[in-house]
Amino acid sequence: MSGGAAVLRMRGIRKEFPGAVALDGVDLDVREAEIHALTGENGAGKSTLVKVLSGVHPHGSYTGEVLVGGEPRRFAGTADSERAGIAIIHQELALVPQLTVAENVFLGNERVRGRGPLATVDWGRTTVEARRLLARVGLDADPSAPVAGLGVGHRQLVEIAKAIAKPVRLLILDEPTSALNEEESDNLLRLLLEFKARGIASILISHRLNEVVRVADRVTVLRDGRSVETLDAARGEVDEERIIRGMVGRDLENRYPPRTGEVGGVRFEVRDWTVDHPDRRRAVQGASLTVRRGEVVGLAGLMGAGRTEFAMNLFGRCYGRYVRGTLHKDGRRVRLRDPGEAVAAGVAYVPEDRKELGLLLDAPIRENLTLAALDRVGRRGVLHAAREVVAAEELRTRMRVKCRDVSQPVGELSGGNQQKVVLGRWVFARPDLLVLDEPTRGVDVGAKYEIYQVIRELAAGGAGVLLISSELPELLGMCDRIYAMCEGRVTGCLPASRADQESLMRLMTRTGAAPTGETERRPG
Amino acid sequence: MSAPPMAAALRTALRGNVRRYGMVIALAVIVVLFQILTGGLLLRPLNVTNLLLQNSYVLILAIGMMMVIITGHIDLSVGSVVAFTGAASAIMLAEWGLPLWAVLPLALLLGAAIGAWQGFWVAYMGLPAFIVTLAGMLVFRGLTLLVLGGESVGPLPESARTLATGFLPDVQAGGVHLLPLLLGAAVSAVLVRMQYAARADRIRYGLPAASPAAAWAGYIATAAAVLAFCGALALHRGLPVVGLLLLVLITGYAFVMRSTPAGRRVYATGGNEKAALLSGVDTRRTAFWVFVNMGVLSALAGLVFSARLNLATPGAGTMFELDAIAAAFIGGASASGGTGTVLGAVVGALVMGVMNNGMSIIGLGVDWQQAIKGLVLLAAVAFDILSKRRAPGGGRAAGDRAEPTGKVPVGGAAADPGG
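One line per chain: the protein sequences are L and S, in this order. Residues 125 to 648 in my numbering are what the first sequence lists, from first letter to last. Residues 66 to 484 in my numbering are what the second sequence lists, from first letter to last.
Treat the hints with care, as some may be off.
Said to hold, decoys possible - Facing chain S, according to a computed beta carbon distance under 8 Å, are these residues of chain L, among others:
{"id": "1", "residue": "G136"}
{"id": "2", "residue": "L152"}
{"id": "3", "residue": "P463"}
{"id": "4", "residue": "G482"}
{"id": "5", "residue": "A487"}
{"id": "6", "residue": "L495"}
Hints were generated in silico from the structure; no laboratory data involved. Being a predicted model, the structure only gives us computed values, none of them experimental. C-beta: ideal position from N, C-alpha, C; glycine also.
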């Protein structure tokens, strides 16, 4: 595969924003029929580079050259880059949920009868060709069904079908698997390999280094706006440790901070928690678990296992319909009918979707940090501006949030830093039970470690942590005990010392069975 | 990350300030413009007093509307509610002979009930505010016609008229009223002190702050504007009762929105309702009370308006909702919610008020007045959105309008730290 002709060459790309240099001399070569991974910490410049390549940042707003197929190109907009055969699958999917699958696939590229202003959509061809494209990406979906009914994984495939509906030479995928479960991710990676066999090159931007190692032919590492190195799998240079070293500029010896502090007595106990979806399907069936003082408890499960539904319903019935179940704190039953009561009872929930559910994007960082504990920055119902700034500065240092100052709108921060702000809000509220829903999704290695450290600190301070994660190594690295859920039931619990990926996966896929295995015996 | 050169830094600072104080500057320009066009009539003591009296109810409504818009909603029923509560007050005063001290709380209670009715549908039933208040606009206009029987009710007793057109008892010295001057001195002292403290805080925390010269220019401009305004009042008939009412309302609401958890919850609910909910904010209750508040302020405006006309008419308050909405948007509210300030709403209402007054003095017809005001509204919002797009970032100042959440401006990556 080495020695293939270059599809894309970027030379000395430099892009400045007012007050910041986003890219400072980036070189990138992508060969024909190659899967080229682009890695780097959040803020290293990956997204900016893709925007230069796609014409979002038009020619003239950056310096350096872009050559596609050997010819210098000057894209004035995304239409130009599309014409040159470059297709981008964005992190945030660009589909219209109300339109059908086929309509989305040919959006802006309609199959028409006739020419010019008199052209009408050729629905027959639209459906037939959409079906062919869907088959090519391995999606078994009705072309006339609305996209709104599809899950994230399937939407991703629709997006790819849309991309290959045009003549494409280079496919760029920005964090394509971050919202997918393992099986869906596997499918997607297989698809990339298939495209490669057909001669389509792709650039894969991903934080999931295991996937990068699995499929990438070469890896270019960006750090602080520079391309620091390009690793070649053919020369055996591509492995996770090597990539991480390139990304952070040093060896990250341990990916998980060591356990500190003591695990105490049972702090929270959930018994027989049962939840219905809003449409009255059962979401969670009789889930029971305990969290001890200072303990990090994991909750493993595949997509649709009911983990998020369970956590959100527990947190003041934020999701679905509460059917039954009791929550006990320090042996006393507490009722949490709305999130306000949950916060008052010392329960915190950090949602998975930080932009949708976590942040006031236009509001300054400090207001985001203090929102859940406003009484701590005021006296007798009056907020104290200086005290808020001091508190926010303290949290910013402690959480290592990279920002201009705490009055900067949180929407301007990178993903990892946004996640630290959401987490910081709850650190500030000093919860007794912190429920974290995929806290490191879409977050780079360095920021991940810092988030883990905060979790450890909270636990060492006596809080209980319930960690929901789809990354099994993360659960194994962070937790004292790990519960597994499958189809709305808790199917078992393993101490981390005796758990491994296989045993967890067995519990996560134990359908229709009563809880067995090393289930916790209820104390008292 | 290279430090930007001085010139660029200066440009950014200037641009930030233009955006931040854009509407205040625009207000000053409009005042000067009409002062010239009217040959000095605009700022005559008599006319300044009139400006305040004429716009009192729009100012009251703009405060409430700003809060509704910050929450991410809208209230189209305001004009009809003004008419209905004004009619009810007039009937109580003129026909039932109730004293003002009894009518005032009853009217406010009626307004609260109306607000609660609309808030219930919007906050707890999840109906769009646009629809609920459009219905309210029709319902309360209809009820106004019903209670008035299609006729006007009036005149009102002297006590009620005092509320809208009366002046506070005062000490005079050589034809100059002293109360407005004292109040003006106090208000400008407080405002300058607040600006000074805010700047000191920014410096203490190492945030970019205005240069000493710019800061002093700001203090002097603030004090001069307040004193000039109060001086004009002092030279005419003193401090209007409604002026004191407005001062209390503006100060009170600005304080609540800036410095209390309740205000913060209003911003949070409008900024991202789901995030606010998951942070323990009762977003439904917040929205509900914002509508109740709007109802109470509408009732107050209704009472003031009836008292000013000395009459309750079936057609009262027509288009008031649009004046209030325009004031809020000119004053820096965002259509997607979460941004805006009480002082912004006041500035927005004054822009509209001065234009109305000035154009009337120079004899422009209502036809031209409407068209020009429409264009000013459009220009104000366009200026704000375009300047925001060019320079992402900045605080939540008047004139700071956010793009819809989730849409990252093209330059957004500029803030990627370490990039």
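(message) Under the constraints set out in the numbered hints, which ones does this structure not fulfil?
(response) 1, 2
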